[in-house]
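A.B. asks: Work out the full structure: start from the sequences and follow the hints.
So the chains spell out like this:
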Amino acid sequence: MESNSSIHAPSSFPKKRGNKLLRKLVNQRYLQAMALLGVAWMVIFNYIPIYGIIIAFKEFNIIKPISEAPWVGMDHFKAFLEDDNLKYVIRNTLGMSFLKLLIGFPLPILFALFLNEIRSIRFKRSIQTISYLPHFLSWVILGGIMTTWLADVGIINDVLLWLHIINEPIVFLAEPSYFWGLAIISDIWKELGWSAIIYLAAIAGISPELYEAATIDGAGRFQKMFYLTLPSIKGTISILFILAVSGVLNSNFDQIMVLKNQLNESTSNVIDVYVYQVGLQQARYSYSTAVGLIKSIIALILLLTANFVSKRLNNTSLF
Amino acid sequence: MFSLKRKTYGERAFDFINILLMLFVCFATLYPIWYVLVNSLNEGTDAMRGGIYWWPRQFSFGNYKAVFDNSGIMTAMGVTIAKTLIGTITHVLFTAMVAYALSHKDLIGGRIYLLIGTMTLFFSGGLIPSFLLIRDLGLFDSFWVYIIPAMFSFFNLIIFMTFFREIPDALEEAAKIDGANDFVIFVKIVLPVSMPVLATIALFQGVFQWNDYFAGMIFINNPDLQPIQTYLYRIIAQSSSNQMAADAGIVNKTVTSQSIKLATMVITTMPIVAAYPFLQKYFVQGMMIGSVKG
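Chains G and W are the protein sequences, given in the same order. The working numbering puts the first sequence at residues 1 to 319. The working numbering puts the second sequence at residues 1 to 294.
Where hints are given, some of them may not hold.
In silico DSS-like cross-links for lysine-lysine, where the CA-CA straight-line distance does not exceed 27 Å [what the hints assert, rightly or not]:
| id | chain 1 | residue 1 | chain 2 | residue 2 |
| --- | --- | --- | --- | --- |
| 1 | W | 105 | G | 24 |
| 2 | W | 105 | G | 20 |
| 3 | G | 234 | G | 224 |
| 4 | G | 24 | W | 176 |
| 5 | G | 20 | W | 176 |
If you're looking for bench data, these hints aren't it; they were derived computationally from the structure. Quick caveat, the model's predicted, so the values are computed rather than measured.
C.D. replies: Set out below in structure tokens:
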């Protein structure tokens with residue numbers, strides 16, 4: 001026994017192991033081919049664009065390949081600091097995101113809380129189903145709906161005229177002062193029901209015994225909602241809040257693209273759309289890539305900060 | 001049970017107000033769509049006067065007829081249908097195939113493949129580098145620009161993988177003894193038992209393909225390859241500015257263009273609304289899987 005292993009083990013072990021790996025690889029050849037096709041797709045469509053970010057440090061010209069473009073160091077980032085357009089673009093991005101956070105974030109929670117208090121299950125399901133229908137409509141369609149509603153002969157102007165709030169029709173989308181409000185309301189209209197799903201799922205996971213105990217203790221409906229249901233879904237709320245905070249630089253690109261026009265430009269343009277305009281419409285590829293890169297870096301910092309704060313404050317975090 | 005739940009006056013008032021609140025949410029959700037629908041079913045020039053809230057004033061299918069007679073709109077519709085069908089099928093099959101391979105815990109290099117994928121969830125090249133890539137690949141002005149760059153999603157791969165790992169090994173082993181290779185097992189054994197997750201991902205991808213206007217806007221110049229959402233985007237962006245220009249007294253308003261726009265919007269929305277009641281259970285299911293993972 002002893003001599004046997006001492007003779008064979010040292011010389012043949014590595015070779016055998018190599019054979020085994022090779023044999024396993026041959027056995028897995030179909031699986032490997034299937035996996036590698038996916039890896040190849042990711043290398044092309046995810047990793048090559050990541051490499052392409054280097055044009056932010058170069059003076060890229062569409063005629064020549066990226067590798068031949070001359071390096072310019074941080075020039076585009078310096079230009080970023082001197083770009084006057086960015087002032088209002090950043091103000092709009094942050095302003096709309098902040099309002100969405102302030103109004104758009106708590107509303108689905110409230111909606112879920114109140115929907116949960118509906119006693120008839122069928123009624124509850126129907127409401128839920130109807131409420132997330134708009135999520136599946138595109139912003140293009142919603143933009144069409146909004147221009148119809150907001151037209152001078154549209155229903156909004158009719159109602160306002162009828163109530164004598166205004167004396168002549170307002171051309172809403174041509175007035176910069178209305179844009180933020182319209183963006184926030186339309187966003188809520190589209191996503192209220194859909195965002196509530198995740199809270200409803202969290203509420204469904206609360207043990208019914210807690211409610212029975214609370215009832216026996218004499219808690220009323222409101223007390224149960226705000227002292228039992230709400231604290232029970234605190235974890236879900238924190239996680240979604242982290243995501244919402246880290247997304248303040250992400251505006252709703254499609255929404256802005258659809259609702260924006262030259263007349264409301266001063267309150268409607270946001271970073272993502274600006275990157276698109278400068279990059280693809282004005283063909284300043286390198287500069288707009290630099291703007292996009294700065295945005296991504298700040299977003300990453302925001303995500304990490306929000307995650308850290310949430311971990312400290314209530315022990316829930318994304319990672 | 002019954003005696004315990006005797007409602008007080010306050011409870012009843014709460015329930016009543018709550019039901020009213022929920023009915024209001026429903027109304028606020030559905031009425032904007034209804035408003036567009038009744039206006040699209042009204043004669044174009046008459047609708048221009050406004051005031052159509054609940055029912056068409058001069059009922060007419062004229063706008064819809066105009067849409068179906070418009071070859072540009074019909075071509076765009078065809079492109080949308082084709083890209084939705086092909087794009088959804090290729091996305092689901094390709095992503096599921098890769099997911100099936102990666103669901104094997106003993107796959108050599110599997111951890112590295114997963115790491116490569118996970119990184120893509122956190123980092124991306126952004127708009128311009130992706131645009132340049134598409135150009136370099138020669139996908140400009142090609143139908144395949146809708147399909148190939150949207151064929152795979154690592155996020156959906158995770159959802160598939162979670163599902164595949166729950167499939168009992170015995171199923172695959174039996175097929176293996178019969179001499180089937182892994183690809184055959186995937187097609188003949190794994191796919192048929194994975195219908196719920198396939199349907200869920202297919203629905204989300206289908207909705208994405210149906211609704212996407214952006215690829216058609218930046219990669220396509222040929223009007224015959226433009227999907228309906230891009231077509232509508234151009235009309236809506238244009239007519240909204242026309243409308244404002246008209247209000248400023250610069251350009252004449254063309255009323256029929258507005259009513260045709262409404263009819264096109266209704267037709268474009270119809271497939272989603274029609275499929276919606278049947279498929280909504282998959283939407284919720286998908287959201288659940290997504291939220292557990294995400």
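A.B. asks: For each hint, tell me whether it holds in the structure or not.
C.D. replies: Outcome of the hint check:
Restraint check for residue 105 (chain W) and residue 24 (chain G): the C-alpha separation of about 13 Å stays at or below 27 Å, so the hint holds. For the proposed pair residue 105 (chain W) and residue 20 (chain G), the alpha carbon gap of about 17 Å is at most 27 Å, so the pair holds. At most 27 Å may separate the alpha-carbon atoms for a hinted pair to count; residue 234 (chain G) and residue 224 (chain G) meet this at roughly 14 Å. Taking the CA atoms of residue 24 (chain G) and residue 176 (chain W), the gap is about 15 Å. The hint holds against a cut of 27 Å.
A threshold of 27 Å between alpha carbons decides the hint, and for residue 20 (chain G) with residue 176 (chain W) the separation of about 20 Å falls inside it, so the pair holds.
In summary, this structure violates none of the numbered hints.
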